[in-house]
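Assembly of the complex is requested from the two constituent chains, each provided in isolation within its own frame, with the hints serving as guidance.
The listed protein sequences correspond, in order, to chains Y and A. Plus 4 on top of the position in the first sequence (first one is 1) and you've got my numbering. One point on numbering: in my numbering, the residue at position 48 of the second sequence is 40, and numbering is uninterrupted.
By construction, these hints were calculated from the structure, which means they are not laboratory data. Keep in mind that this is a model prediction, so the values were computed, not measured. Misleading hints may appear alongside valid ones.
[As the list claims (entries may be wrong)] In silico DSS-like links for lysine-lysine, alpha-carbon gap of 27 Å or less:
1. A:Lys125 - A:Lys206
2. Y:Lys146 - Y:Lys175
3. A:Lys206 - Y:Lys407
4. Y:Lys281 - Y:Lys146
5. Y:Lys235 - Y:Lys281
6. Y:Lys407 - A:Lys69
[Unchecked claim] Beyond 12 Å from chain A on every Cβ pair, some chain Y residues (computed):
7. Trp23
8. Val68
9. Gln73
10. Asn132
11. Asp149
12. Gly202
13. Met228
14. Gly258
[Claimed, not checked] Just some of the chain Y residues that point at chain A, by a computed CB distance under 7 Å:
15. Ala16
16. Leu20
17. Glu327
18. Ile330
19. Val334
20. Gly335
21. Pro413
Where a beta carbon is used, it is the ideal one built from N, C-alpha and C, also for glycine.
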Amino acid sequence: MGAFSTIGVFCARSLLTAWISMRALRRNAMRSTLTALGIIIGVASVVTMVAVGNGAQARIEGQVAALGQNMLMIFAGSRRAGGVHGGLGSARTMTVSDALAIEREVDHVVAVSPEVSTVAQVAANGRNWSTSVAGESQDYLKIRDWKLSSGMMFSEREVRSAARVAVVGSKTANELFGPLDPLGQSLRIRNIPFVIIGVLSSKGAGMGGQNQDDRVVIPFTTAMKRLTGEKFIRSINIQIESSAYMESAQQEIGNLLRQRHGIPTGREDDFNVFNQKEIADTVGSISRVITLLLGAISGISLVVGGIGIMNIMLVSVTERTREIGIRIAVGAQPGDIRLQFLIEAVTLSLFGGALGVLFGVGAAHLVGMFVEFVPVVSPGSIVLAFSVSFGIGVFFGFYPARKAAALDPIVALRYE
Amino acid sequence: MSPPLIELRGIEKTYRTEAVEVRAVRGVDLRIARGEFVAVMGSSGSGKSTLMNILGCLDRPTGGEYFLDGEAVSQMKKRDLSILRNAKIGFVFQSFNLLARTSAIDNVELPMFYSQPLVARAQRRQRALEALKKVGLSDRSGHHPSQLSGGQQQRIAIARALVNSPELVLADEPTGNLDTRTSAEIMGLFQALNEAGITIIMVTHELDIAAYSKRVIVMRDGRILSDQVNETPRHADVEIARIDREEREAKLG
Ligand SMILES: Nc1ncnc2c1ncn2[C@@H]1O[C@H](COP(=O)(O)OP(=O)(O)OP(=O)(O)O)[C@@H](O)[C@H]1O
Ligand SMILES: [Mg+2]
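The shape of chain A in the complex, shown without the other chains (with noise of 0.2 Å):
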C-alpha cells in the first residue's frame, strides 16, 4: 500500500503573543489518503484555519511531525516550502484572493510564473485557458475580478488552484461568501476535480456544505473531536436542480 498523501503525527501549533500563549492546535493525528474529499467543521476558534495553514505549507508546526507525499516537510526552508506549494497544492479562499486590477487569465496564469521548471509564455496561456474551461469561465478570460460576480470569481481562484495540476486542493471556507446555489456549483466543480483523483481538504461551518465531502472531521479546542466516512455524499447537480425547483415553486405560490 502506498502511503497517504497527508500524515500528521502529534502536530501542534502554539502562538506565544507577549504575556498570552494560545494552543490553537494540540496534537492531531491524521491520514488522508490519495483522492479523499475532506470537509474539516468545528465551532470557530477551534483551530481550523491553523491546521489547514500548517497542511497547506503556509506555516510550520511548532511540534509533531507532517509528511506530505512521503516527504517530512516540518522542519523545510521557506524556500523549499514555496516550491512545495507550487507543485503539490492549490488553494482556494473565503474571499477568492485575486489580484485586482488584473485579468481573469492573467490571475490564472500567477502560480506558472513560479514555476520549476519555467513555463514558456505559450504554455502558461494555453494551459490557463484550459483550466478557466474546466470551471466554466472560458468566456470571461479578460475580465477583471470587479467585473465578475462572488461566484465566478471563485471559480476563477480555483482555476488558478488547478493550472500546476497539483495533488492537493486546500479550501478554507471556499462557500463562506457565496448563496446556497453558487455554493452548490462550487461543490460541483470540487466533487469534480475530486472525480479526476485530486484530494480535498475544505473548512466550513455549515452541514450542508460538508455533507458534499466523503469524510468529515470535527475539531474542538485545537484536537479532533470526531473523524466520520460520510455514506452518501451528496450530489451537486441534484442539489441545484432541487434549488431550481424550489425557486420556481416559491415564484408560482
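One chain only, chain Y, in its complex shape (with noise of 0.2 Å):
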C-alpha cells in the first residue's frame, strides 16, 4: 500500500470518526451549547475588550497627534524632588524674549508660539459666558495643525501692534451666538472690546478631558498688556522642521535656556520641555499595555472555559464508558477513540469561538453606542481567538480522549 493511500485512507477514517463525534454533539444539543458557553463568552469578551482597547487607543492617539505636528513645549516651572511636576508655567522665569531667542537661535526651528492664558469672563451679543483666553503668536495654529471653519488668523502686524482682534473656538462661537455669524461681530473680554475675526474648526475633547473647542486666541502681546499685565509667559509652543530633528532641537533648546537663565550643569532647570513625539509614544506604548491586559483579562474567561469543556468531556467518557467498549469491542482502535473526544472537544470550542466572535463583534457595537470612540474589531483578534480556541480544544480535550482510548472493552462492557 502506497504511501498516498495510507493517508487517504487516514483522513477517511478520520472523517468518518469526525461524523460519529458531531452525532454525539447533536443528540446533546443542550449540553453541547452550555458546554461551549464557557468559550462563547471568553472569545466574546477578548474580541470586546481588544475593540474598545485597540478603539480607545486609537482615539487617544489621535488626540496626541491633535497636539499638532512635531511640536514641542516649553513650560515654565521647576520640577520637584521624586520626578513630580508642580505648577507648570506658574513660574515667573520665562519671558517673550526667551522665545525670540529659540526661534533666532536653535536650528530647525519652523515656528514658535509664547503662550499666556488666563481665564476670563467674555461677553458678546447680550450674553455672558467663561472662557479660557490664550495669547498666542500667529504661528500658534499651524503649530497646532489647526484650521479654521471661517475667517482668519490674525496676523503678524496685528501682533507687533497688539491688536485687539480674537479667534474664537467653536463652543464658545455657539455658546455667545448661536446660529449667527460671528466674524466682525464685537467682543469683550473683560470689559475690552475685541473684534473677532476668525472661527477655530472644533476638535473635540482634549487629553485633559477639557474641550478644546471652548477658548478664546488673541495675541500674545495683546493679552500681556490688556489682560494679565504681565512680563512673564506661561509656556512656549515650538514647531521643529521634522520629527528627525526633534530630539537635537529638544537638546539645544535646554541648553540655549539654562544658559539665558543661568542655571549652571548639575543644577535643575527651571522648565520643562515636552516632546510631541514622545508624549505619543509614551501613551502609545501604555493604551497598547491596557489593551493587551484587557486582553490577556478575558483571555483567563477562555481557559475557564477550555476548563468546563474538559470537564464536560470527562463527565461524557465516563457516561458513555459503555458505549466505548462496544465500539472497542467491535473493532475500534485506540486511536479511533482518541480521535472521536478529540474531535468532539475541538468541534465544542471551535463552535464556541465562532458564537463568540458573533457576540464579541456585537458587543463591541453596542459599547461604541455608549462610549465617545468607535471599538475596532481587528481581524488579528478575531484570528487570534479563534486558533487559541482550537488549541483550548485540543489542550483540554486531549486528556480526556486518552482516558476514554486506553478503557479497558472488558471493564467497559460489564460498566453499569
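The following block contains the structure:
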C-alpha cells in the first residue's frame, strides 16, 4: 500500500470518526451549547475588550497627534523632587525674549508661539460666558495643526501692534452667538472690546478631558499688555521641521534656556520640555499595554471555558464508558476513540469560538453606542481568539480523549 | 487438512489484584475447527467468560499460545487485535450491549465504521439491511433499543455481529435475559448461521440451551473438565413448535 493511499485511508477514517462525533454532539445539543458557553463568553470578551482597547488607543493617539505635528512645548516651572511636576507654567521665569531667542538661534525651528493664558469673562451678542483666553503668536494654529472654519488668523503685524482681534473656538462661538455668524462681531474680554476675525474648527476633548473648542485666542502681546499685565509667559509652543530633529532641537533649546537663565550644569532646570513625539510614544505604549491587559484578563475566561470543556468531556467519557467498550469490541482502535473525543472537544470549542466572535463583534458595536470612541474589531483578535479556542479544544480535550482510548473493553462493557 | 480455526495451547489467565492472585484460567488446550457450534458450560467463576474474552481477542492471556486462523494472537498489539476483531469476530452479549438512543440500523452499521478497507455509506446501509433481514427485523430498522423487546434487541445485536461476515461468533450467555421461547428463537438463528458455515462458541448455564450445540465443553476451576460431541443436537424449529403446543394446552386445561 502506497503512502498516498495510507494517508487517504487515514483521512477517510478520520472523516467517519468526525461524523460519529458530530452525531454525539447533536444528540446532546443542550449540553453541548452550555459547554461551549464558557468559550463563547471567553472569545466574545477577548474580541470586545481588544476592540474597545484598540478604539480607545486610536482615540488617544488621535488626540496626541492633534497636539500638532513635531511639536515641542516648554513650560515654565521647576521640577520637584521625585519627578513630580508642580505648578507648570506658574513660575515667573520665562519671557518672550526666550521664545524669540529660540526662534533665532535653534536649528530646524519652523515656528514659535509664546503662550500666556487666563480664564476670563467674555461678553458678546448680549450674552456672558466664562472661558479660557490664550495669548499666542500668529503661528499658533500652524503649530497645533488647527484649521479655521471661517475667517482668518491674526497676522504678525497685529501681534506686533497688540491689536484687539480674537479668534474664537467653535463652542465659545456657539455659546455666544448661537446660529449667528460671529465674524466681524465685537467681543468684550474683561470689558475690553475685541473684534472677532476667525472661528476655529472643532477639535473635541483634549488630552486632559477639557473641551478645546471652548476658548478665545488673541495675540500674546495683547494678552500680556491688557489682560495679565505680566512680563512672563506660561509656555512656548515650538514646531520643528521634522521628527528627525526633535531630539537635537530639544537638546539645543535646553542648553539655550539654561544659559539664558544662568543655570549651571548639575542644577535643576526651571523649565520643562515636552516632546510631542515622546508623549505620543508614551501614550501609545501605555494604551497598548492596557489593550493587552484587557485581552489577557478576558483570556482568563477562555481558559476557564476550556476547563469547562474538559470537565464535560470527562463526565461524557465516564457516562459513555459502555459505548466506548462496545465500539472497541466491534473493532474501534484506541486511535479511533481518541480522535472521536478529541474532535468532540475541538468542535465544541470552535463552535464556541465562532459564536463568541459573533457576540464579541456585536458587543463591541453596542459599547460603541455608549462611549465617545469607536471600538475597532481587529481581524487579528478574531484569528487569535479562534486559534486559541482551537488550541484549548485540543489541550483540554486531549486528557479525556486519552482516558477514553485507554479503557479496557472488558471493564467498559461491564460498566453500569 | 487445514489448520483449526482456533487452537489454544496451555492458555493461562491470572488476575493480580493487590494481595490476591486469581488464576481464572489454568492451562487450557483446545482446538475448534471451522463450522463447529460449541457450548461452554460450568459453574459460576469457573473461568468461562475469561476464556471467551481471550478467544474474542478482547483480552490477552498471561500464559500459553493462541492461534486464530493460523495467526499467533497472544502477543499482538491492541491495535492489531482491534483489526482482527473487526474482520473475524462477532460478539453477542447477555445484556445485548446496543447503543441506546441509536436506531437499530445504526447499531448494526457500527462495526463497518471501523473496517479496513472502508465501507462506503450506501454499502453500509445495504449490508446492515441485509443483516437485519437475516434476523427477521427489517421492519424495525428505525426503532431504538428502548422500543424493542429483549429478544428483538438480542437479534439486533446478532445482526451487528454478522454484518462484517465474521468467521467466528462468540456469545456469552446470549439467552441469559430471555424467556424459553425467545431463547429457542435465538438458538434457531445461531443454528442457521452455523449451517451457513459460521463457527459459534457460546457460554450458557442451561442444559436446555447447550442442547442446541454440536459440542459441549464443561469447565471447572479454570480447566476443561469434559469435552463431548453432542450427537443429537436439538432443533429450534421443533422446540418452538413444542413450546407453542404446550402453551395452547395449558390454556385449554
Ligand atoms: N478483572 C478481574 N480481576 C480479578 N479477578 C477476576 C477478574 N475477572 C474475573 N475474575 C475472577 O476470575 C474467575 C473467573 O471469572 P469468570 O468471569 O471467567 O467466571 P465465569 O465462569 O464466567 O462465571 P459466571 O458463570 O458467573 O459468569 C472468578 O473467580 C473471578 O472472580
Ligand atoms: Mg461469565
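For a quick check of understanding: which of the numbered hints are violated here, in increasing order?
3, 5, 7
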